[in-house]
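*Asks:* Protein chains in written order, with UniProt numbering: chain A, 1 to 383; chain B, 1 to 383.
Fair warning: there could be bad hints in the mix.
Identical chains share a label here; the pair holds if one copy fits it or two copies do between them.
SDA-like mimics (lysine to any residue), calculated; alpha carbons at most 20 Å apart, straight line [said to hold, decoys possible]: (1) K373 to A349; (2) K353 to Y261; (3) K353 to E119; (4) K3 to A222; (5) K303 to Q247; (6) K3 to E119; (7) K206 to E109.
No lab work stands behind these hints, which were simulated from the structure alone.
Quick caveat: nothing in here was measured; it's all calculated off a predicted structure.
2 protein chains.
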Amino acid sequence: MTKLHAVGLVTEYNPFHNGHLYHLTTAKRQTGADVVVAVMSGNFTQRGEPTILDKWTRAQAALANGVDLVVELPVFHAVQPAHRFAAGALQLLDALQVEQIVFGAEHPEWDFDQLVAAEAQFDPQEFHDYHATYASQFNAQLAAQTGYSLTDPNDILAFSYYKARHEAGYQFDLQPMQRIANYYHQQTITGTIASASAIRQAVQTKQAIDDTVPEATAAALAQLINVPDWDTLYPILRNQLIQTPVQQLAQYYQMGEGIEYRMQAAAERSLTFADFIKQVKTKRYTYAYLTRLCLYVTLGITKSEVANAVANPYLHVLGFSDQGQAYLSQIKKTVTLPLIVKVDQDLKAGMLKLDYRAGKLYQMFTPVEQDLKHAPIRRLSRK
Amino acid sequence: MTKLHAVGLVTEYNPFHNGHLYHLTTAKRQTGADVVVAVMSGNFTQRGEPTILDKWTRAQAALANGVDLVVELPVFHAVQPAHRFAAGALQLLDALQVEQIVFGAEHPEWDFDQLVAAEAQFDPQEFHDYHATYASQFNAQLAAQTGYSLTDPNDILAFSYYKARHEAGYQFDLQPMQRIANYYHQQTITGTIASASAIRQAVQTKQAIDDTVPEATAAALAQLINVPDWDTLYPILRNQLIQTPVQQLAQYYQMGEGIEYRMQAAAERSLTFADFIKQVKTKRYTYAYLTRLCLYVTLGITKSEVANAVANPYLHVLGFSDQGQAYLSQIKKTVTLPLIVKVDQDLKAGMLKLDYRAGKLYQMFTPVEQDLKHAPIRRLSRK
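Bound conformation, chain A alone:
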């Protein structure tokens, strides 16, 4: 049997749209890979928001449009700042033996390895100005030393992939590709390519989005009654913040610098998520940092649980095509992480418990069980 070659993608698919289709088609053509492997965030995004569609629906749309294998990026890797998100995703793609990773960047022509080398000289202790975010202080120093300004979101992720590869010594090729349009911050829909956030916004305001997404996504979004959001989760977060002693709040992942006091006081005073965030926000913390922290609190995920989870990685397969299945057969004897195709009671209470809890919280938006006994989606490959 001929050996199958795989290209890896790091994705959220929130939701899967025409830009993603273009990305995967280009990646496959550019690399000549036989198999497209996507590592995809589960039910919560990097910024700590619930995804617009659940992970199974998003995996199905990806499979229907050419992805061959979808593996979940666990919540403790997915809901993280860029460098940890990237490190988690690359760990899984390395275990899945992909040979290249293709990703969009605003400046694919940059020498990201040079930036990584420059950053390695930084002392993180220097970024403790409490009136600015860590990211902005870091970027100011990088710009001062290299002349590059790392402010576009896909450039930041690209940098993070190079950094993760450097630190872990992975062998795969990293192939940045030009974003076809700088549409990330664009909030209105024109033509057939729009950003995921513009599409979510359009769904929220009941605008047409069918030109911008493949049929599988359009069909799923058409059935959506309410767009998942933090307003719905806030009563749970609020009660958790109020009834948990601050000493115990301090044990939650990413809680530090006394922000637990600030969050508890804000929760007591605020009846809506918007008011709450406004009261908690300072120049020191980004919205994304705070929203991620809110998710960790709501899920009751502690620092030691994350440390334990990070030390015990796994590959949770959400779906595959025939080609993806053949690829799994090819790697299964040499794969270096546990390959999980069905979550049983032991996994639910053990290795996968954080994803399981995240899935139970996501049931605020769908009655569908998100993990236990859920079989991977199978789909015939389109030849």
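Fit chain B to the known structure of chain A by using the hints.
*Replies:* Using the frame of chain A, we list chain B on its own:
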């Protein structure tokens, strides 16, 4: 100045209705008291349900209809089986120096002191049949020994008052009065007297209730959009049960006999409160026991917090008439418990923290702050 004499009532006023008005008018006439003092449950009932109106609105209706002083029965006393509920209420009425307590009973002619004496001989270890509730086993033994069957709800409370007085050595008179009709279990409204549960049911189904309640209650109920219920609180309870390790669930008040495992498993499987309770229910546990337990879990109230709270009782004044204020002046130098008229930051974080948390949860039903800086309601007495 002439000494004022007070009669005490133990109430939930959920909501305040014509039966309550009859009760307090009769109590005052029968005892010749100058002042009517009501100890009233806060925002959650003895059965662990959220009250139909918040404690301030219910206190206001009581004051408007002849009660002179309303003191909150704290959540750790109010949400309890009859004997603890009664003991907590009588402790407050004793501290408030009332001379009589008047309460309804289905059989006011019974010799409750004799039943208390009989019960004192029981060995509670005998009631560990796991296929029946404690109450039903207790009652079977009482009936076997005394011939009395303690099954009507107000008889059970009456018994509990006698038992509490006996155990604590209180001096006040206990005066059971005949319930004017056995309307407790009656679920339809006829005439001007209906049970609180029939009234709540009628509000839920948008039936007229104005004949059965005084104007203050009718006006408040007319503004109610949704009747507070556990369906609304269930997402919070569910997440709490799922994300808290069972060892920690076992620390919550009233959790025992391994029911934490049963509750966690039921929460994982159930998307509605009704399904959840159905899955948890056994012959061993009453619905009231389970609902109370649900409240303690949702509020994160531990065994040690309740032990501490019970050891540090207080009198939180919700409102008074001129007569009630004069009575407070009369007793304030000799009152044996802390008299609280305004909850400040220290009380909120200290002695009153469980009521405060309960009030924050009750904000699922009203935007009104329930404790912090809330001044007592003042009302001119009707002469």
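*Asks:* Against this structure, judge whether each hint is valid.
*Replies:* Evaluation of the provided hints:
1. K373 to A349: Close inside one copy (13 Å), not across copies (44 Å); limit 20 Å.
2. K353 to Y261: Answer is between: at 16 Å across copies they meet the 20 Å cutoff, but 28 Å inside does not.
3. K353 to E119: Answer is neither: 35 Å inside a copy and 48 Å across each miss the 20 Å cutoff.
4. K3 to A222: neither (40 Å within a copy, 73 Å between copies)
5. K303 to Q247: Classified as both; 13 Å inside a copy, 18 Å across copies.
6. K3 to E119: Result: close neither inside a copy nor across copies, 38 Å intra and 82 Å inter.
7. K206 to E109: The answer is neither: 38 Å in one copy and 68 Å across copies each exceed 20 Å.
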